[in-house]
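Colleague: Please build the complete structure, drawing on both the sequences and the hints.
When we follow our numbering, the leftmost residue of the sequence shown carries the number 1, and every step to the right adds one.
Read the hints as simulated data drawn from the structure, not as lab findings.
Being a predicted model, the structure only gives us computed values, none of them experimental.
Warning: the hint list may mix true and false statements.
Claimed, not checked - Taking lysine-lysine and the BS3-like style, the derived pairs with C-alpha atoms no more than 27 angstroms apart in a straight line are:
#, residue 1, residue 2
1, 106, 127
2, 106, 89
3, 89, 19
4, 185, 165
5, 19, 237
6, 89, 72
7, 48, 72
8, 89, 191
9, 176, 165
10, 72, 86
11, 48, 237
12, 38, 89
13, 138, 106
14, 106, 134
Claimed, not checked - The following label-pair restraints were derived from C-beta to C-beta distances:
#, residue 1, residue 2, range
15, 182, 252, 20 to 26 angstroms
16, 85, 256, 36 to 42 angstroms
17, 121, 259, 35 to 41 angstroms
18, 45, 83, 47 to 53 angstroms
Idealized CB from N, CA, C, for every residue including glycine.
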Amino acid sequence: MLLREFLGELDLASYSVLKADEAHESTRSTYTLFGLFKDIARFRTDLKMLISSATLDAENFSDYFDSAPFFKIPVRRFPVEIFYTKALKADYLDAIVVAALQIHVKEPSELIICPVYANLPTELQDKIFEPTPKGARKVVLATNIAETSLTIDGINYLIDPGFCKMKSYDPQTSMKSLLVITISKASALQKVGRPGRTCPGNFFHLYTDFNYHNDLEDNTVLEMQRTNLANVVLTLKNLGIHDLIHFDFMDRPSSEALIT
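Modeller: Encoded structure:
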């Protein structure tokens, strides 16, 4: 939305403050916006940007925006106990079901199964927010759509299989794919924030402590570095920016991705 504003008002004279929420989701549009903002902020010293996130690397953002100040705000949390498996599970889907049933057997209640994924109709997605009837237990089966985009109150247990589906694009072949890959440490940390919001919680990793510390990458590959950048290129061209190779992206995509 804000990128369209640049097309009609290159200096954003109508704005004095911009806010980017959930910045750790790092979409192509958001990172393009950061580069444009950094450019005009050098001559519009009155223009401010507020960037908020639960898990982003604040130092990295500060360095990019010319040593901009950052603040870490403590959040009241209930304790969350974290568990790892003793051995890596061969079938993560089967392991999720087994873990959920083990929790249920120890603390039996009526089970209410609520799936949530991007293509599920909105009215069915909304069922995850409905109050859980007394004496029942709600089981939310979610893709990584629920990692950052949704906040579900009352989560006591979270089972993390250690995998997610991620879109990928190969600029050499112009082929898109949807891959199942291991999550990053940053993604796992984001998930730890789901339980423990309203009461003490438990977090179950379906991989070992060794896997977490040695096999998981620190951060998730940014959308800017793994998807088709045609829309980004066209937007910048429309704004009169033709030297894309030297455009000040925060996390620069490959030159090949911009050219092809």
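Colleague: Evaluate each hint against the coordinates.
Modeller: Hints, verified against the model:
no., hint, verdict
1, 106 x 127, "holds, 25 angstroms"
2, 106 x 89, "holds, 21 angstroms"
3, 89 x 19, "violated, 41 angstroms"
4, 185 x 165, "holds, 16 angstroms"
5, 19 x 237, "holds, 24 angstroms"
6, 89 x 72, "violated, 36 angstroms"
7, 48 x 72, "holds, 18 angstroms"
8, 89 x 191, "holds, 19 angstroms"
9, 176 x 165, "holds, 13 angstroms"
10, 72 x 86, "violated, 34 angstroms"
11, 48 x 237, "holds, 25 angstroms"
12, 38 x 89, "violated, 45 angstroms"
13, 138 x 106, "holds, 15 angstroms"
14, 106 x 134, "holds, 18 angstroms"
15, 182 x 252: 20 to 26 angstroms, "holds, 24 angstroms"
16, 85 x 256: 36 to 42 angstroms, "holds, 39 angstroms"
17, 121 x 259: 35 to 41 angstroms, "holds, 40 angstroms"
18, 45 x 83: 47 to 53 angstroms, "holds, 50 angstroms"
In terms of the numbered hints stated before, the structure departs from hints 3, 6, 10, 12, listed from lowest to highest.
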